[in-house]
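Residue-level listing of the chains:
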Amino acid sequence: MNISAIYRREMRSYFSTPLAYVFIVIFLMLAGIFTFYLGGFFARAQADLEPFFTWHPWLYMFLAPALGMRLWAEERKTGTFELLMTLPVSMGSAVLGKFLAAWSMMGISLALTFPMWITVNVLGNPDNGVIAAGYLGSLLMSGAYLAISACVSAATRNQVIAFVISVVLCFTFLLLGYPLILDLFRSWLPGGVISFMATIGFLQHFDSIVRGVVDFRDVLYFITFIGLWLYAGAWTVDHHRS
Amino acid sequence: MTTARIVANNLLKEFGHIVAVDDISFSVETGEVLGFLGPNGAGKTTTMRMLTGFLRPTRGEISICGINMLAKPVQAKARIGYLPEGAPLYPELTPGTFLKFAGMVRGLGGKELDNRIAETAEKVHLREVWNQAIETLSKGYKRRLGLAQAILHDPEILILDEPTDGLDPNQKQEVRQLVKQMAETKAIIISTHILEEVNAVCTRAVILARGRIVADGTPRELESMAADHNAVSILIPSGKAALLAEKLEKTDSIRTVEITPRGEDRSLIQAFPSAGSLILTQITDIIKEHDIRVLELRQEPGHLEEVFRKLTVPEERPADGGQA
Chain X
1 MNISAIYRRE
11 MRSYFSTPLA
21 YVFIVIFLML
31 AGIFTFYLGG
41 FFARAQADLE
51 PFFTWHPWLY
61 MFLAPALGMR
71 LWAEERKTGT
81 FELLMTLPVS
91 MGSAVLGKFL
101 AAWSMMGISL
111 ALTFPMWITV
121 NVLGNPDNGV
131 IAAGYLGSLL
141 MSGAYLAISA
151 CVSAATRNQV
161 IAFVISVVLC
171 FTFLLLGYPL
181 ILDLFRSWLP
191 GGVISFMATI
201 GFLQHFDSIV
211 RGVVDFRDVL
221 YFITFIGLWL
231 YAGAWTVDHH
241 RS
Chain Z
1 MTTARIVANN
11 LLKEFGHIVA
21 VDDISFSVET
31 GEVLGFLGPN
41 GAGKTTTMRM
51 LTGFLRPTRG
61 EISICGINML
71 AKPVQAKARI
81 GYLPEGAPLY
91 PELTPGTFLK
101 FAGMVRGLGG
111 KELDNRIAET
121 AEKVHLREVW
131 NQAIETLSKG
141 YKRRLGLAQA
151 ILHDPEILIL
161 DEPTDGLDPN
171 QKQEVRQLVK
181 QMAETKAIII
191 STHILEEVNA
201 VCTRAVILAR
211 GRIVADGTPR
221 ELESMAADHN
231 AVSILIPSGK
241 AALLAEKLEK
251 TDSIRTVEIT
261 PRGEDRSLIQ
271 AFPSAGSLIL
281 TQITDIIKEH
291 DIRVLELRQE
301 PGHLEEVFRK
311 LTVPEERPAD
321 GGQA
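From first to last, the protein sequence lines stand for chains X and Z.
For the first sequence, the tail end lands on 242 under the numbering used here, and the numbers increase by one without skipping.
For the second sequence, the tail end lands on 324 under the numbering used here, and the numbers increase by one without skipping.
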């Protein structure tokens with residue numbers, strides 16, 4: 001099938017360059033630093049992975065744009081964009097195939113943090129259901145970040161610009177859910193707008209999933225968010241052909 | 001199924017205020033190799049990009065094997081093999097993995113794909129570099145790999161944007177040979193600015209200038225549009241040059257005569273016929289009559305370069321003469 005051909009081509013490109021390995025190593029290093037130094041994993045003396053997951057929104061804010069910036073910008077720069085767009089591939093398959101490949105890279109990196117999970121099980125008796133939910137939430141949120149980055153990448157052939165704009169957009173959607181930011185606006189915006197802001201931001205949804213409450217609506221939020229940004233990405237790609 | 005394989009109707013492409021392709025129409029049948037000629041910026045690449053579905057025309061229609069490119073792009077693209085300008089490829093892949101990708105995207109798989117890849121690699125001689133990263137390949141190999149990707153699925157239509165650009169003379173010859181071999185069963189468009197290539201491979205050629213078709217015909221027909229078409233060149237000893245020139249100038253069907261000294265004691269006389277006239281027999285009669293010793297005599301077929309310049313250089317543009 002078309003999607004799988006696109007997907008496999010992307011994955012091959014990741015793994016036939018240092019990109020995949022560098023990305024995974026950096027991901028694991030940063031995840032570790034955040035968990036142990038900033039999260040105070042041992043000092044808390046609790047058998048859970050909360051300090052691990054709490055920092056993921058910040059981790060992805062840089063790593064997802066780094067992974068997503070090349071998705072389309074690079075094709076346009078090397079000219080393979082023309083090749084790809086003249087192959088019998090629908091826009092949907094191209095956009096989805098590329099996105100799924102980048103998301104898989106995230107998934108692989110996230111999966112490689114399994115020693116963390118083993119560690120808490122050795123040290124104590126954690127609620128493994130909550131941890132599984134945490135992984136699910138983290139994966140969904142990385143997809144949301146990536147969908148933004150993929151869309152931005154379609155708008156430019158300059159990867160640095162793609163990276164910077166993606167980071168800013170991701171940061172915005174992250175901040176939208178922070179109580180500190182919401183309080184800032186609370187004094188002069190109606191309550192409806194405030195709760196809307198909190199609803200479209202990542203944090204509320206991510207937090208509730210990570211706490212172990214896998215609400216269908218939170219999952220739906222991320223799926224919809226990804227879908228909308230992919231759609232916007234497809235539109236941008238199409239628009240930039242002519 | 002009597003429709004032509006490629007049909008372009010009133011194609012127009014504007015980029016902002018610039019009209020890149022200005023209302024052109026043409027069609028290509030199976031068995032034809034259509035050459036796109038024209039100076040840089042004439043609209044060759046833009047036209048090819050519209051035919052292959054990369055660019056959307058501002059106006060006009062494209063039909064590929066009877067399929068409307070604008071309405072059903074995926075089906076139409078499946079019938080085409082395309083080598084884009086500069087043969088873009090994924091630099092981190094190897095020729096093998098790249099062709100595998102190209103085949104899979106086109107719905108090939110398993111044993112069939114393996115066979116096709118092996119066959120194509122053989123055709124364009126890629127075996128030596130099979131496991132090398134594409135970014136390390138020479139320009140010639142990259143171009144051949146681009147070509148391999150275009151012919152891998154044995155498409156009915158082949159569109160090649162400057163397929164021999166950057167190749168050495170031997171490689172150029174090979175590519176032309178390959179195109180000729182495939183010509184019988186396919187409709188092919190190739191763009192080039194090497195005019196000898198038109199004579200070598202094309203059954204028909206279109207000359208584009210400023211986004212318009214300024215000439216359309218067989219290479220022979222185009223040559224006949226040259227000013228020196230059927231001109232006669234005579235090399236004789238200088239002593240008789242003035243006499244011959246004078247006699248020739250008095251002949252009705254001869255438009256102009258030019259004398260160029262060649263070396264110490266020889267002169268080249270060129271006689272240009274007035275439109276449509278054949279002057280060779282009259283000239284030989286005159287030569288016999290005056291008993292002039294001729295060192296060389298030939299009738300010019302006309303030069304494509306001449307036609308190309310005449311039609312594409314703005315100053316010498318004929319008053320809408322060639323417009324079909």
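Don't read these hints as lab results, they were simulated from the structure.
Each residue gets a CB set at the ideal place from its N, CA and C atoms; glycine is no exception.
Misleading hints may appear alongside valid ones.
Calculated pairs, DSBU-like style, for lysine-lysine (alpha carbon to alpha carbon, straight line, at most 30 Å) [to be verified]:
hint : chain 1 : residue 1 : chain 2 : residue 2
1    : Z       : Lys123    : Z       : Lys139
2    : Z       : Lys240    : Z       : Lys288
3    : Z       : Lys180    : Z       : Lys123
4    : X       : Lys77     : Z       : Lys180
5    : Z       : Lys186    : Z       : Lys240
6    : Z       : Lys172    : Z       : Lys142
7    : Z       : Lys72     : Z       : Lys186
8    : Z       : Lys139    : X       : Lys77
9    : Z       : Lys180    : Z       : Lys240
10   : Z       : Lys310    : Z       : Lys288
11   : X       : Lys77     : Z       : Lys172
12   : Z       : Lys72     : X       : Lys77
Pairwise CB distance ranges (calculated) [to be verified]:
hint : chain 1 : residue 1 : chain 2 : residue 2 : range
13   : Z       : Arg255    : X       : His240    : 50 to 60 Å
14   : X       : Arg211    : Z       : Asn131    : 13 to 23 Å
15   : Z       : Arg298    : X       : His240    : 53 to 63 Å
16   : Z       : Gln132    : X       : Asp238    : 57 to 67 Å
Quick rundown of the hints versus the structure:
1. Z/Lys123 x Z/Lys139: holds (17 Å)
2. Z/Lys240 x Z/Lys288: It holds: about 13 Å lies between the C-alpha atoms, which stays within 30 Å.
3. Z/Lys180 x Z/Lys123: holds (13 Å)
4. X/Lys77 x Z/Lys180: Given pair X/Lys77, Z/Lys180 is violated - Cα atoms ~33 Å apart, limit 30 Å.
5. Z/Lys186 x Z/Lys240: violated (55 Å)
6. Z/Lys172 x Z/Lys142: Judged against 30 Å, a Cα distance of about 14 Å means the pair holds.
7. Z/Lys72 x Z/Lys186: Distance ~21 Å between Z/Lys72 and Z/Lys186 Cα, so the pair holds.
8. Z/Lys139 x X/Lys77: holds (18 Å)
9. Z/Lys180 x Z/Lys240: Roughly 48 Å between the alpha carbons, so the hint for Z/Lys180 and Z/Lys240 is violated.
10. Z/Lys310 x Z/Lys288: The hint is violated at about 35 Å.
11. X/Lys77 x Z/Lys172: Answer holds: X/Lys77 to Z/Lys172 is near 27 Å, not above 30 Å.
12. Z/Lys72 x X/Lys77: holds (27 Å)
13. Z/Arg255 x X/His240: 50 to 60 Å: holds (54 Å)
14. X/Arg211 x Z/Asn131: 13 to 23 Å: violated (50 Å)
15. Z/Arg298 x X/His240: 53 to 63 Å: holds (55 Å)
16. Z/Gln132 x X/Asp238: 57 to 67 Å: At 34 Å between Cβs, range violated.
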